[in-house]
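**Student:** With the hints as extra help, turn the sequences into a complete structure.
Protein chains: 2
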Amino acid sequence: MDYTAELREKGKAAKKAAQQLAITSSTIKNAALSAMADALEKQAAAIIEANALDLENGRAKGLSNALLDRLLLNVPRVKAMADGLRELAVLKDPIGEAISGWRRPNGLEITKVRVPLGVIGIIYEARPNVTADAAGLCLKTGNAVILRGGSEALHSNMAITRILATAAETAGIPSGAIQLIETTDREAVNALMRLNEYLDVIIPRGGAGLIKTVLENSSVPVIETGTGVCHTYVDVSADLDMARAIAFNAKVSRPGVCNAMETLLVHKDVAGEFLPMMLAEYDAAGVELRGCEKTRNYHFKVKPGSEEDWAAEFHDLILAVKVVDSMEEALAHIRAYGTHHSEAIVTGDYARARRFQQEVDAACVYVNASTRFTDGFEFGFGAEIGISTQKLHARGPMGLEELTSVKYLINGTGQIR
Amino acid sequence: MDYTAELREKGKAAKKAAQQLAITSSTIKNAALSAMADALEKQAAAIIEANALDLENGRAKGLSNALLDRLLLNVPRVKAMADGLRELAVLKDPIGEAISGWRRPNGLEITKVRVPLGVIGIIYEARPNVTADAAGLCLKTGNAVILRGGSEALHSNMAITRILATAAETAGIPSGAIQLIETTDREAVNALMRLNEYLDVIIPRGGAGLIKTVLENSSVPVIETGTGVCHTYVDVSADLDMARAIAFNAKVSRPGVCNAMETLLVHKDVAGEFLPMMLAEYDAAGVELRGCEKTRNYHFKVKPGSEEDWAAEFHDLILAVKVVDSMEEALAHIRAYGTHHSEAIVTGDYARARRFQQEVDAACVYVNASTRFTDGFEFGFGAEIGISTQKLHARGPMGLEELTSVKYLINGTGQIR
Chain P
1 MDYTAELREK GKAAKKAAQQ LAITSSTIKN AALSAMADAL EKQAAAIIEA NALDLENGRA
61 KGLSNALLDR LLLNVPRVKA MADGLRELAV LKDPIGEAIS GWRRPNGLEI TKVRVPLGVI
121 GIIYEARPNV TADAAGLCLK TGNAVILRGG SEALHSNMAI TRILATAAET AGIPSGAIQL
181 IETTDREAVN ALMRLNEYLD VIIPRGGAGL IKTVLENSSV PVIETGTGVC HTYVDVSADL
241 DMARAIAFNA KVSRPGVCNA METLLVHKDV AGEFLPMMLA EYDAAGVELR GCEKTRNYHF
301 KVKPGSEEDW AAEFHDLILA VKVVDSMEEA LAHIRAYGTH HSEAIVTGDY ARARRFQQEV
361 DAACVYVNAS TRFTDGFEFG FGAEIGISTQ KLHARGPMGL EELTSVKYLI NGTGQIR
Chain X
1 MDYTAELREK GKAAKKAAQQ LAITSSTIKN AALSAMADAL EKQAAAIIEA NALDLENGRA
61 KGLSNALLDR LLLNVPRVKA MADGLRELAV LKDPIGEAIS GWRRPNGLEI TKVRVPLGVI
121 GIIYEARPNV TADAAGLCLK TGNAVILRGG SEALHSNMAI TRILATAAET AGIPSGAIQL
181 IETTDREAVN ALMRLNEYLD VIIPRGGAGL IKTVLENSSV PVIETGTGVC HTYVDVSADL
241 DMARAIAFNA KVSRPGVCNA METLLVHKDV AGEFLPMMLA EYDAAGVELR GCEKTRNYHF
301 KVKPGSEEDW AAEFHDLILA VKVVDSMEEA LAHIRAYGTH HSEAIVTGDY ARARRFQQEV
361 DAACVYVNAS TRFTDGFEFG FGAEIGISTQ KLHARGPMGL EELTSVKYLI NGTGQIR
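Note that the protein sequences, when read in sequence, are chains P and X. Mapping to this note's numbering: the first sequence position 198 is 198, numbers consecutive. Mapping to this note's numbering: the second sequence position 84 is 84, numbers consecutive.
Each hint should be verified, as a subset may be incorrect.
When chains are identical, the list treats them as one kind, so a pair holds in a single copy or across two.
What the hints assert, rightly or not - Capping the alpha-carbon separation at 25 Å, the derived lysine to any residue pairs in SDA-like fashion look like this: (1) Lys-212 with Thr-4; (2) Lys-112 with Glu-56; (3) Lys-212 with Arg-194; (4) Lys-268 with Val-113; (5) Lys-15 with Arg-335; (6) Lys-112 with Gly-96; (7) Lys-12 with Ala-311; (8) Lys-15 with Trp-310; (9) Lys-212 with Glu-187; (10) Lys-16 with Gln-358; (11) Lys-16 with Pro-174; (12) Lys-301 with Gly-256; (13) Lys-112 with Thr-404; (14) Lys-12 with Ile-23; (15) Lys-15 with Glu-359; (16) Lys-303 with Ala-280; (17) Lys-16 with Lys-212; (18) Lys-12 with Arg-335; (19) Lys-112 with Thr-213; (20) Lys-79 with Thr-166; (21) Lys-92 with Val-113; (22) Lys-268 with Gly-414; (23) Lys-15 with Glu-329; (24) Lys-79 with Pro-105; (25) Lys-112 with Glu-97; (26) Lys-212 with Tyr-3; (27) Lys-112 with Asp-375; (28) Lys-15 with Gly-96; (29) Lys-16 with Asn-190; (30) Lys-79 with Ser-26.
Because the hints were derived from the structure by calculation, they are not lab data.
**Tutor:** Shown next, in the form of structure tokens:
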């Protein structure tokens, strides 16, 4: 089916809403966010009911436990969504901020001010809490949004969007500001990616396949997000207790998210002391291990790792492990298989810490901390729309500022050139 | 012919160079820029000789005078290119700048630092001075560049690139940092637009056709630049002498560039006083006039304006003129035909000036000044790579900062989540 006409209608409505939203006051936007939060909590039962249908379908389709966990909504998670909106409401509105300003020798006064992007398309998978996050962040920043969630979460997303859009409109937000594409047909995504007339940017959130499809087919500008093949490199000079805590946390605390570690790199000189206990800990936590030849010497349950494993974003309790001869080998491995998301070194050596941070080409480069901190909330942004893994416009956790553009206001007294 | 293999080689060399360039000191980069400037001047004769060949071919192909002017290089213009590079050399290097930094409650220290984009592809038309501008800006910001100039300027561009690349290498810049695609075959552009493995961004500079082609076909992220259907709106409350000076300058001072005005909008209540003299002035300056019915009442030489004229970027001494009934009609016209580049109002009314700047959705919105100021040099950036007309990453004149990305450095003491 061709959704072009339907999408154009949504685009037109969104663009019209965006024109109004750009000059809507913070007071109204914040009141709307609070009303949306209240509505989510009041109607939590309806959301959870819709979610139960999605979970049932997901189980029938044989989704992994990690994916089912990403899909699950319960009262605490609905409350977390609502709290996210309330946190947004009290954050400073970035729109209208004068970022810089100066006077030119000819007397022209130039002011660079922050404005909304306009209309944002967000294509995402699995996690339905993204629906509320995305709608809230876009509204706060004066942008209209067209959401396209994962087919697994369709019923949850429809329930959430309906509740949010109704609450927003009642609070004075123009109709069309928050819309959802209510079909799981992929053709609708194709139409969305060609909606240049109405869309200013598309943000895909999800697995490598989704990102690649959008990058290759969208004529609307794209912010690439989400794919995280993150590494932790345990250096020869590492505090091994610290390394064990970090490496365990990075893999096990929430394996289904993009900032989870997928490959552990260990310097050969500490492998003998570090790996036996580390691998046993992983095994006890139910982590499936896939390693290089050397790694396999340290634990009997380590399966042979393949080229695919080095490149994989498992999104599950699976870990690739490699013993490296040198820091250079670790850097080369990250260069070859990393996705420019989050990379960590555990080291006690100043020069190596500095070199790792300079040479690793990623959005977030950690020394002595878990990659799991790559997150808008953990960074203190109040929320996040995703983790950008490209270099254009935004890189790393995207919060409010990353959803804005700028405009130059130039005031003169008749200047000509 | 398929240029994929050839382009991949260029891309590989550029990416390798970019890795080194990212950690090359400002001292070396600035010395290279100075050496490049000196080399251009010393070898001006060779550049002008190559340019003469391009001009000859251009005349034979029947290029307009405006286009031939854009193509022309002479000693002052070569000196201007060299001076542009020297101005870059003394500008502050943006790379390594700590943009912001903070400590989280858990003790994590986060620093946002400025890094190069990596490898930039620049596709441009006509003006060969862009070759030196682009190479200099990319080098200053630690980026490798692959240039693809207009077929009309091939010989000029080859001469300039050869001189620049040689001077840069001699000064310690890695080979591969400055490359030109030395063919006029369009297939080479197609290969460039699919070079995601090596390219971080493509910047097209030129007419609407080029921009559209790149936007629709590039899987590499694009910064849209250059198309400027700029308007000047003469409001009912305008100082008409000021309006005449601004409107004349915006069209006539350099009609072949993107910040030149293409359509003049005049409020009906001042049209009778303003237009007869204004139109006579344009006519005396050789400007071809195309206007609405009302405009045609004020000067016998005004031809009927068509829908195409309202949407046209003439790049020549041609002007579309429309009398509007209200400011609302002017705003609606700009919304319908503007390209989000530069728009100006001439007014003495505070509220209308403010409203125009708020409601017009363009990179640069002027009150009482000529649109011709939308330019990196005029803004005080030291140079420019183009004028971005999109909202993502950069908007308006792009200088050094617009050619950079960021990276988060996170330093901990064993933090886990």
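**Student:** Take the hints in turn and mark each one as holding or not.
**Tutor:** Against the structure, the hints:
1. Lys-212 with Thr-4: Answer is both; intra-copy 22 Å and inter-copy 20 Å each pass.
2. Lys-112 with Glu-56: The answer is neither: 51 Å in one copy and 43 Å across copies each exceed 25 Å.
3. Lys-212 with Arg-194: both (16 Å within a copy, 12 Å between copies)
4. Lys-268 with Val-113: neither (52 Å within a copy, 32 Å between copies)
5. Lys-15 with Arg-335: This pair counts as between: shortest inter-copy Cα distance 12 Å, intra-copy 40 Å.
6. Lys-112 with Gly-96: For Lys-112 and Gly-96, the Cα distance is within 25 Å both inside one copy (10 Å) and across copies (23 Å).
7. Lys-12 with Ala-311: Close across copies (21 Å), not inside one copy (41 Å); limit 25 Å.
8. Lys-15 with Trp-310: between (43 Å within a copy, 22 Å between copies)
9. Lys-212 with Glu-187: This pair counts as both: shortest intra-copy Cα distance 16 Å, inter-copy 23 Å.
10. Lys-16 with Gln-358: between (45 Å within a copy, 16 Å between copies)
11. Lys-16 with Pro-174: For Lys-16 and Pro-174, only the intra-copy Cα distance (9 Å) is at most 25 Å; the inter-copy one is 50 Å.
12. Lys-301 with Gly-256: within (22 Å within a copy, 70 Å between copies)
13. Lys-112 with Thr-404: Both, since 12 Å and 18 Å are each at most 25 Å.
14. Lys-12 with Ile-23: within (18 Å within a copy, 46 Å between copies)
15. Lys-15 with Glu-359: So Lys-15 and Glu-359 pass the 25 Å test across copies only (14 Å; inside, 42 Å).
16. Lys-303 with Ala-280: within (14 Å within a copy, 85 Å between copies)
17. Lys-16 with Lys-212: So Lys-16 and Lys-212 pass the 25 Å test across copies only (24 Å; inside, 30 Å).
18. Lys-12 with Arg-335: between (43 Å within a copy, 14 Å between copies)
19. Lys-112 with Thr-213: neither (35 Å within a copy, 30 Å between copies)
20. Lys-79 with Thr-166: This pair counts as within: shortest intra-copy Cα distance 18 Å, inter-copy 62 Å.
21. Lys-92 with Val-113: both (15 Å within a copy, 23 Å between copies)
22. Lys-268 with Gly-414: between (70 Å within a copy, 21 Å between copies)
23. Lys-15 with Glu-329: between (50 Å within a copy, 19 Å between copies)
24. Lys-79 with Pro-105: Classified as between; 23 Å across copies, 55 Å inside a copy.
25. Lys-112 with Glu-97: Classified as both; 8 Å inside a copy, 20 Å across copies.
26. Lys-212 with Tyr-3: both (21 Å within a copy, 23 Å between copies)
27. Lys-112 with Asp-375: between (28 Å within a copy, 14 Å between copies)
28. Lys-15 with Gly-96: The answer is within: 19 Å in one copy meets 25 Å, while 38 Å across copies does not.
29. Lys-16 with Asn-190: Cα proximity of Lys-16 and Asn-190: one copy only (22 Å, versus 35 Å across).
30. Lys-79 with Ser-26: Intra 23 Å, inter 51 Å, cutoff 25 Å: intra-copy only.
Hint compliance for this structure: hints 2, 4, 19 are broken, all remaining hints hold.
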